[in-house]
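Place chain A on chain B using the hints.
Protein sequence lines, in the order shown, are assigned to chains B and A.
Just so we're aligned, residue 1 is where the first sequence starts under our numbering, counting upward by one.
Just so we're aligned, residue 1 is where the second sequence starts under our numbering, counting upward by one.
Some hints here could point you the wrong way.
In the DSS-like style, the derived pairs of lysine-lysine whose C-alpha atoms are separated by at most 25 Å in a straight line are [claimed, not checked]:
(1) K10/B x K370/A
(2) K53/B x K56/A
(3) K69/B x K115/B
(4) K493/A x K550/A
(5) K64/B x K53/B
(6) K112/B x K375/A
(7) K112/B x K370/A
(8) K370/A x K381/A
(9) K105/A x K119/A
(10) K259/A x K56/A
(11) K10/B x K64/B
(12) K241/A x K259/A
(13) K381/A x K345/A
(14) K10/B x K375/A
(15) K115/B x K64/B
Computed Cβ-Cβ distance ranges for the label pairs, DEER-style [to be verified]:
(16) D8/B x D439/A: 53 to 63 Å
(17) E341/A x D26/B: 51 to 61 Å
(18) L377/A x S44/B: 52 to 62 Å
(19) S58/B x L328/A: 48 to 58 Å
(20) S58/B x E521/A: 40 to 50 Å
(21) L117/B x Q389/A: 49 to 59 Å
(22) D8/B x E341/A: 29 to 39 Å
(23) D8/B x P512/A: 51 to 61 Å
Quick caveat, the hints were computed from the structure, so don't treat them as lab data.
We put the beta carbon where it would ideally sit given N, CA and C, even for glycine.
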Amino acid sequence: MRVLLVDDEKELVTTMAQRLALRGIDADWVTSCEDALKSVEAESYDIAILDVKIPGLSGIELKKKLEEKCPGMKFIFMTGHGSEKDYKEGAAEAGVEYYLVKPINIEFLIEKMHKVLEK
Amino acid sequence: MSILKRIKPAFWDHQDLISGPHKALFNFRRIWYATVLLTSAVVLLPLITMAVIDYKVTQHNIESAILLRTARLVSNTQRTISFFLDERRAALRFIEQDNTCEELKDPERLTSLLEHLKKGVGGFVDLGIIEFSGLHVNYAGPYNLQGVNYSRQQWFKEVMERGVYTSDVFLGFRRTPHLVVAIRHDLPEGPCYVLRASLDMEKFNDLLSNLEMAGRGDAFLINREGLLQTPSLYHGKVFEKVSLPVPEYAPRTRVLEWKNASGLPLIIGYRYIADTPFILMVVKQKEVLMKPWYETRIELIGFLLASITIVLIVILGGGTYLVNRIYLADQRRVMILHEVEYSNKMASIGRLAAGVAHEINNPLAIINEKAGLIKDLLSLKEGFADKEQLLDPINSILASVERCGRITRRLLGFARHMDVSIQTVNLGDIVQGVLDFLDKEAEYRSIAVSVDIPGDLPAIESDRGKLQQIFLNLINNAFAAMEDNGHLAITAKTEGRDFVSITVADDGCGIPENDLKRIFEPFFSTKIGSGGTGLGLSITYGLVQELGGKISVQSEVGKGTSFTITLPLKQEQKER
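Extracted from the complex, chain B is given alone in its bound form (with noise of 0.2 Å):
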């Protein structure tokens, strides 16, 4: 499974995928949403996740333009904003099945991914 990370915070994604990588799981990382825009042109991914606040775009945004360049790709919210209590809204309002909420225990994250690419 290929994942594209997709946060303004560099230190952030750049650990996560290293962390991903050492579980076998091949993630890339952007930091904006025009490279984000432009690595899935490059390449192909099963699966997204996003930071629903991005210079540039708001996730649902950038969600509703990648959907369009590649049909069929997953994706998973990720906030600082919100509660577990705005879980259901946020996700209904994006059309996600997971808004998950930072910090995010990585195990718990790949197991959402691995439920999500499994639909």
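Chain A only, in chain B's frame:
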């Protein structure tokens, strides 16, 4: 004192301690004073002025009428008396002109003239002829006065000098009161004789005694020395000095007021009767004449006092009512101001907390990932010395990160719903959310918190933020009322088909019965001075009402207090 306390309006002792100097718009006591005094002045001054003017005018008119009546009586009576005397003088003048000196010196002729006078004019007693030497030469009448010499008497001198004379009432030679009228007969060569007649006092007195007078009136004649000439009812006997001063000469009728020796006010009308020594006096008692006025006066004053009383009652009642309404409206204004401030404060805190939580969550995520990476590397690489020693602190870091995450999530969850919005909420979640904030305090103070909310309690349509505030206030209050090791019980159940009720019960100090009625009033606080605004329960009450619910309280001093909130399952649609 207690009556005064009972009728004292609420605003009287109001001191705007809590709202502060800039929010106290009104000084209610001053408004009350201004309203009551100004209205009283505007209403009562004209009323009293009118009443006083009316009183004075009416009194003056009545007094004038009395004086005028008296003056008229005096004038009429004077005319009667003058006429009486003139008539007799004219009769004498006729005799004097119609008879020669010789005829008059004839006793038979004189007797017959007297008889004619008595029949024709009346009032004559006798008739006499006196020579200018003063000798009484002829006399007709009941007394034997012939030969008496009058030359030295004052009246004779006067008649000789002025030609006509009317005497005082006097006793004279005959020793009975009588009145003399005399005229001088002149011949071309000089004075010849004097024709003199005595008049009947009875007939003369009748003129006065037959007058009808109100006010215990008394009419009589006095001479210029103040001796009574005719009988008086109240002021002495004939020939006695009258008990009043002799009024000063005036050519016309005059009326004056006078107080007698015992201070009784009298109305005195008098007239100097021309060509006689008489002064006609009519004396009336003012008190008796004014009696109808005094009765009217009591009615007038009574009416005025009743009007003033009614006006004052209306002004006091109306003023107090209006100022009290302003006071209540102002209380409500201040309360709403506080509510708005409180909501704004909560919203600001909420936004601040959300901002902080968000800012913390990102670095927290980085720490989480970095520590996780270290842990991953340690776990994956075999044979690393001191591995266990490093794993311990890393696990500790990850646990702390997780704890921080829980806190920020809780903060965000609490802060997010400050805006008004009706949504389906689970009461159990909200209560738990509030308790999460207070669990540290409960832990420190060893307060046992039991929550018994049935799992099948229906979710309700309500405002999450408001419910949070309601429970936060109630639970905070309960904590404040309890000693350490207290017990707080939160229970919930359905009430009929459309309501649920939640009870927050503590076993704290309880609320005295007197305070119990007032705890939902704004600014009622037993914590004033220790930071309480007295608004917590008032705001809670307002919030519960806004959500269409009710709040009630039971309390027993020393045993604890329980607040019960009843909330509707569904919100009624209303304009927003």
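25 Å limit on alpha-carbon distance, applied to hinted pair K112/B and K375/A: Distance ~21 Å between K112/B and K375/A Cα, so the pair holds.
CA of K381/A to CA of K345/A, is that 25 Å or under? The hint is violated at about 53 Å.
Satisfaction of hint between K375/A and K10/B, Cα-Cα up to 25 Å: Holds: K10/B and K375/A sit about 20 Å apart, inside 25 Å.
Starting from K53/B, check that the Cα of K56/A is at most 25 Å away, please. The hint is violated at about 94 Å.
Return holds or violated for the Cβ distance of S58/B and L328/A against the range 48 to 58 Å. 50 Å, holds
Hinted pair K10/B and K64/B, Cα distance within 25 Å: OK: K10/B and K64/B at ~23 Å, within 25 Å.
Hint check: K10/B vs K370/A, CA-CA at most 25 Å. Holds or violated? 12 Å, holds
Given a hint of 29 to 39 Å, does the C-beta separation of D8/B and E341/A actually sit inside it? For D8/B and E341/A the Cβ distance comes to about 37 Å; the hint holds.
The hint says 53 to 63 Å between D8/B and D439/A; measuring C-beta to C-beta, is that right? At 35 Å between Cβs, range violated.
For a C-alpha distance cap of 25 Å, please report whether K259/A and K56/A respect it. Holds, at roughly 21 Å.
Taking only the CA atoms, is the gap from K493/A to K550/A under or equal to 25 Å? Holds: K493/A and K550/A sit about 15 Å apart, inside 25 Å.
Note whether the CB distance of L117/B and Q389/A lies within 49 to 59 Å or breaks it. 38 Å, violated
Of the hints listed earlier, those the structure fails to meet are numbers 2, 13, 16, 18 and 21, in rising order.
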